[in-house]
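Engineer: If you read the protein sequences in the order shown, they are chains A and B. According to my numbering, the first sequence is numbered sequentially starting from 1. According to my numbering, the second sequence is numbered sequentially starting from 113.
What the hints contain is simulated information worked out from the structure, not anything from laboratory work. Errors might be hidden in some of the hints.
[Claimed, not checked] With a Cα cut of at most 30 Å, we get these calculated BS3-like pairs of lysine-lysine: (1) A/78 / A/49; (2) A/78 / B/183; (3) A/58 / B/164; (4) B/179 / A/99; (5) B/134 / A/99; (6) A/49 / B/134; (7) B/131 / B/148; (8) B/156 / A/71; (9) B/164 / A/49; (10) A/58 / B/131; (11) B/153 / B/179; (12) B/183 / A/99; (13) B/134 / B/156; (14) B/134 / B/152; (15) A/49 / B/183; (16) A/99 / B/153; (17) B/164 / A/61; (18) A/78 / A/58; (19) B/121 / B/183; (20) A/69 / B/134; (21) B/121 / B/153; (22) B/164 / A/78; (23) A/58 / B/153; (24) A/49 / B/152; (25) A/49 / B/131; (26) A/71 / B/152; (27) B/179 / A/78; (28) A/78 / B/131; (29) A/69 / B/121; (30) B/179 / A/58; (31) B/179 / B/164; (32) B/152 / A/78; (33) A/61 / B/152; (34) B/156 / B/121; (35) B/153 / A/49; (36) A/71 / B/164; (37) A/78 / B/134; (38) A/61 / A/71; (39) B/183 / A/69.
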Amino acid sequence: AQSVSQHNHHVILSEAASLELGCNYSYGGTVNLFWYVQYPGQHLQLLLKYFSGDPLVKGIKGFEAEFIKSKFSFNLRKPSVQWSDTAEYFCAAALYDYKLSFGAGTTVTVRA
Amino acid sequence: DTAVSQTPKYLVTQMGNDKSIKCEQNLGHDTMYWYKQDSKKFLKIMFSYNNKELIINETVPNRFSPKSPDKAHLNLHINSLELGDSAVYFCASSRNTDYEQYFGPGTRLTVT
Chain A
1 AQSVSQHNHH VILSEAASLE LGCNYSYGGT VNLFWYVQYP GQHLQLLLKY FSGDPLVKGI
61 KGFEAEFIKS KFSFNLRKPS VQWSDTAEYF CAAALYDYKL SFGAGTTVTV RA
Chain B
113 DTAVSQTPKY LVTQMGNDKS IKCEQNLGHD TMYWYKQDSK KFLKIMFSYN NKELIINETV
173 PNRFSPKSPD KAHLNLHINS LELGDSAVYF CASSRNTDYE QYFGPGTRLT VT
């Protein structure tokens, strides 16, 4: 069975700092990878996704992620965070069977 | 326009009661899902329907019964509610061959 692990449980940083959230998946075959964000009190929104092609994926709100197949990783980055980026971030992976497996989530708190 | 909607948004009920949560999507998607998010924000898939057929049925107590009257609707009925059922339940949908899932706003269920 595949699993998704996120390395950081809670990240606290100041505005304008750079953010990188780690994500690793355990499946060796073809996977589709996602990052979702959940702002306080809101539903999950898709930040970006990787299916194939360029391993550096750009998403909304200035986020990007890099797929490194040899490391089974799909880390999320943002060069300069804002207070409004305070949220819960979920990495997810899907195989052919539609089943999205989510990581445990990383709480990001940005201090003004 | 709301893409994936759920009703109710909040549901407070007593142990032993039976309740239903409704989900509707207007995206024309063929596949719909129910997820449970526990108090630690961990998201786990419960069920998935594709063209009204059950395709994913994770290890969920049989007190939970999904029902898909048509492709645009996926309801979740819960019998004999228990304290441990308290969680946020998210509905999601996706195109048949596209793994990007669109999430609803969630239903916060509190069992007292």
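Engineer: For the pair supplied as a hint, residue 49 of chain A and residue 183 of chain B, is the alpha-carbon distance within the 30 Å limit?
Structural biologist: Roughly 25 Å between the alpha carbons, so the hint for residue 49 of chain A and residue 183 of chain B holds.
Engineer: Starting from residue 78 of chain A, check that the Cα of residue 183 of chain B is at most 30 Å away, please.
Structural biologist: 37 Å, violated
Engineer: Given the hinted pair residue 71 of chain A and residue 152 of chain B, is their alpha-carbon gap at most 30 Å?
Structural biologist: 27 Å, holds
Engineer: For the pair supplied as a hint, residue 69 of chain A and residue 134 of chain B, confirm whether the alpha-carbon distance does not exceed 30 Å.
Structural biologist: 39 Å, violated
Engineer: Given the hinted pair residue 183 of chain B and residue 99 of chain A, is their Cα-Cα distance within 30 Å?
Structural biologist: 18 Å, holds
Engineer: Residue 78 of chain A and residue 134 of chain B: Cα distance at most 30 Å?
Structural biologist: 36 Å, violated
Engineer: Quickly compare the C-alpha distance for residue 49 of chain A and residue 131 of chain B to 30 Å and report which way the hint goes.
Structural biologist: 35 Å, violated
Engineer: Starting from residue 164 of chain B, check that the Cα of residue 49 of chain A is at most 30 Å away, please.
Structural biologist: Given pair residue 164 of chain B, residue 49 of chain A holds - Cα atoms ~26 Å apart, limit 30 Å.
Engineer: Do the alpha carbons of residue 58 of chain A and residue 164 of chain B lie within 30 Å of each other, as the hint requires?
Structural biologist: 34 Å, violated
Engineer: Would you mind confirming whether the straight-line C-alpha gap from residue 121 of chain B to residue 153 of chain B stays at or under 30 Å?
Structural biologist: 17 Å, holds
Engineer: Does residue 156 of chain B pair with residue 71 of chain A here, judged by a C-alpha cut-off of 30 Å?
Structural biologist: Holds, because 25 Å separates the two Cα atoms, which is no more than 30 Å.
Engineer: Given the hinted pair residue 49 of chain A and residue 134 of chain B, is their Cα-Cα distance within 30 Å?
Structural biologist: 28 Å, holds
Hints 2, 3, 10, 17, 20, 22, 25, 27, 28, 29, 30, 36, 37, 39, counting from the list given before, are not met by this structure.
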